[in-house]
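Sequences listed follow chains D, Y and Z, in order. At position 15 of the first sequence (counting the first as 1) the number is 15 in my numbering, and the numbers step up by one without a gap. At position 167 of the second sequence (counting the first as 1) the number is 167 in my numbering, and the numbers step up by one without a gap. At position 73 of the third sequence (counting the first as 1) the number is 73 in my numbering, and the numbers step up by one without a gap.
Among the clues, some could well be false.
Said to hold, decoys possible - Just so you have them, the derived chain Y footprint on chain D, three or more residues with Cβ under 8 angstroms:
id, region
1, 28–34
2, 196–207
3, 284–296
In case anyone wonders, no lab produced these hints; they're calculated from the structure. Just so you know, even glycine gets a beta-carbon here, dropped at the ideal spot from N, CA and C.
Below, each chain spelled out in residue letters.
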Amino acid sequence: MKKVLLATSILAATAGFAAAEVTLSGSARMGVIDDFGADNTGFTSRARVVFTLSGETDGGLSFGATFRADNASAANSGDAGEVFISGAFGKLTMGDIDGAAQQVVGNVDGVGLTGLSDLNEAVYLGAGDGGSDPTAAYEYSSGAFTGIISATNPDNNQGALGTDLDSTLALGVKYATDAYTVALGYEDADGDVSHIILGASATFGAISLKANYGQASVGAVDADQYHLSATYSADALSVTAFYTDEEDFVGLGGSGKAYGLGASYDLGGGAKVVGGYAKNDTADTSAVDLGVSFSF
Amino acid sequence: MKKVLLATSILAATAGFAAAEVTLSGSARMGVIDDFGADNTGFTSRARVVFTLSGETDGGLSFGATFRADNASAANSGDAGEVFISGAFGKLTMGDIDGAAQQVVGNVDGVGLTGLSDLNEAVYLGAGDGGSDPTAAYEYSSGAFTGIISATNPDNNQGALGTDLDSTLALGVKYATDAYTVALGYEDADGDVSHIILGASATFGAISLKANYGQASVGAVDADQYHLSATYSADALSVTAFYTDEEDFVGLGGSGKAYGLGASYDLGGGAKVVGGYAKNDTADTSAVDLGVSFSF
Amino acid sequence: MKKVLLATSILAATAGFAAAEVTLSGSARMGVIDDFGADNTGFTSRARVVFTLSGETDGGLSFGATFRADNASAANSGDAGEVFISGAFGKLTMGDIDGAAQQVVGNVDGVGLTGLSDLNEAVYLGAGDGGSDPTAAYEYSSGAFTGIISATNPDNNQGALGTDLDSTLALGVKYATDAYTVALGYEDADGDVSHIILGASATFGAISLKANYGQASVGAVDADQYHLSATYSADALSVTAFYTDEEDFVGLGGSGKAYGLGASYDLGGGAKVVGGYAKNDTADTSAVDLGVSFSF
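Use the sequences and the hints to build the structure in full.
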């Protein structure tokens, strides 16, 4: 995503100081999709603009915010986008942000122009939109090590009769080198559900592997999920396959067993041809898409 | 509409390559209006910003997208704005776009600061918002000739019980020189309604004439519509009159017989004084407005 | 609020003419809040972007518009943001603007990161959103003197069964020097309620005082409100206290008796640490917040 710097930043750079600035970037895509369970193949397109706000205090702290134009209303109430301040003390962020476990472990690679329902993505707790945001996170990095703690908004009105549920608290640690990453996350939602998830990624020449394994406790019942992906890259071409099992997690928002296969071809300048196929084995449904994606 | 180029495009131009960029433009207006059937004369104002995203692949294909800030949410799902890629093969566009017949024939000139319900505009099929978008269109131009084909989204859930109606398909051809344009469009909505429309425009010195005539078949019933406009321009002043007859088309969304008269005076720098009067003869209602319009 | 000028304005400045342009600015904040009556202390954050459109006619009239990205839809119908044209004749503005009384008298200083329900703000008539906008105002300034007249939209559909209420009309005059300001406003809503309000502000070294006193007549009943604030500034630190009494105005949207105390510390570059405490004595509730605010 190419950042479009406005003129003041150039002037500021020339003058040797850091001016506050608002920059624009964007993305778009267009193509065809035969979605899970839909009767017809259809067209799909979208266009987005992202605002990035950044500045620096006299004492050298960085601060900023970012949100999408289509989320501007939600960003005005902390339910979309994010705001941060960072320095030697670490980084403090608020907004519609992922919990610490999701930030460090993340997800294995997905496929398709549209993501095809993002079956590659693991289930994390407390990542719901709106009511529990702004979520707050504190991150500290030192060399290859990163640690993050996060909490959803304790004043959330998400309980019965408008009472507040306990915050979803999360903790994540990551150790990353050029060749591999290992990460461990723990999260606890309202004292009822806890989830521990381990993730790893490694690159072997043209091949990049990612995997994660999560185990949740819902009262006395245990459940587990895992996700694997492999991506092969050669010049402009990239091919990805993933396999996931969230069958135990269906009650927590999981999708069952699924796999996907996809490819993208880079046309340069921010344009790619992208397509993919995904199958939900549990529901016995599949989806396929193909098109072009653009970044600006 | 003056495009505001951001700094990266200038840097890119200097460096001799085409960077992806997001540019801003805008419009605004303010005035008074006595609308059709409303009891009081009132104030009217609005302000808009348009995002224009553009880029170029290594192989020389152009791509881009555009949408208004107030449509950012709909643009995120293909229901507003548009996305395109173009090259020697032609141009492929998706989004909230007009059908091919409307793209080539268009509309005769309208009047007023606010458009006064746009009584100058012809009825076209399948131009509805939302459910049937993204619409897709393919355009090919060679010299003075342009041909376009379009289809609304086949996966549209617009039928009974959420089933899909057939796409509205359209075909348009246009031949344009500096002095005149002729265009022919054909469109068919779900196999039930078809519409053929012929348009022409010509410029004679200070006078520009536009006209179109459309004939629709709804089952065994035929209906026709026509629209005429003349615009006289002299220095900063521009005066427009139009006459339309859509009485046969009322069942298809037409407005009956109507006429309008308007003028605008260019103040330079993107500002105009604009006013107009429009009369719907069939409904025996009229509207008048006056104000200033701005482009940025 | 630092304005980010786009490149065309720089080019225009170089070339010696004023190009129409769209500029971006923004703000953000993050912190904690224990709100009035809420059971839990919670997180609060938000991020905003503002579009500013400006241009100049060949004859030297300035024109422009401004609205927030999160208000883009409302700005498209005159219910948010504003549009203006100005010159030697004065300035004409339409949109979601304050009435003339509010424009000249304004409000005493408030406290807190979030404003803490803005208890410092006086009650003005016809400042409601939506239905009565666009509001129109005409302003004329000469030296230290400014006069403004305003009217909400006469075509407002705010009466019973969709009829129109009379416009809220307002008149304001202000005399301002570097050291002090006095202002007087009068407003009348639909002939039923009238309100006269007197405001003054003065600066004594590091201390800035503001006060206003308003008296409303609702039929035969009189009501009054007043607001006071004092702000002390020393280098980066600023401390504010306010006291208000709107008890007579509760039926008109007032908040009772209230007071607040707050402070901000400027970190430079557009960042501040801001916190405050506010108490609504009539409702016997209080609120407190603390965080960082950013402008871009």
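Hints, one by one, checked against the model:
Restraint check on the region 28–34 of chain D versus chain Y: 4 residues with Cβ-Cβ distances below 8 angstroms, three needed, restraint holds. Three residues within the 8 angstroms Cβ limit are the bar, and the region 196–207 of chain D against chain Y gives 0, so the coverage statement is violated. For the region 284–296 of chain D, the stated coverage by chain Y is satisfied: 4 residues place a CB nearer than 8 angstroms to a CB of that chain, which reaches the threshold of 3.
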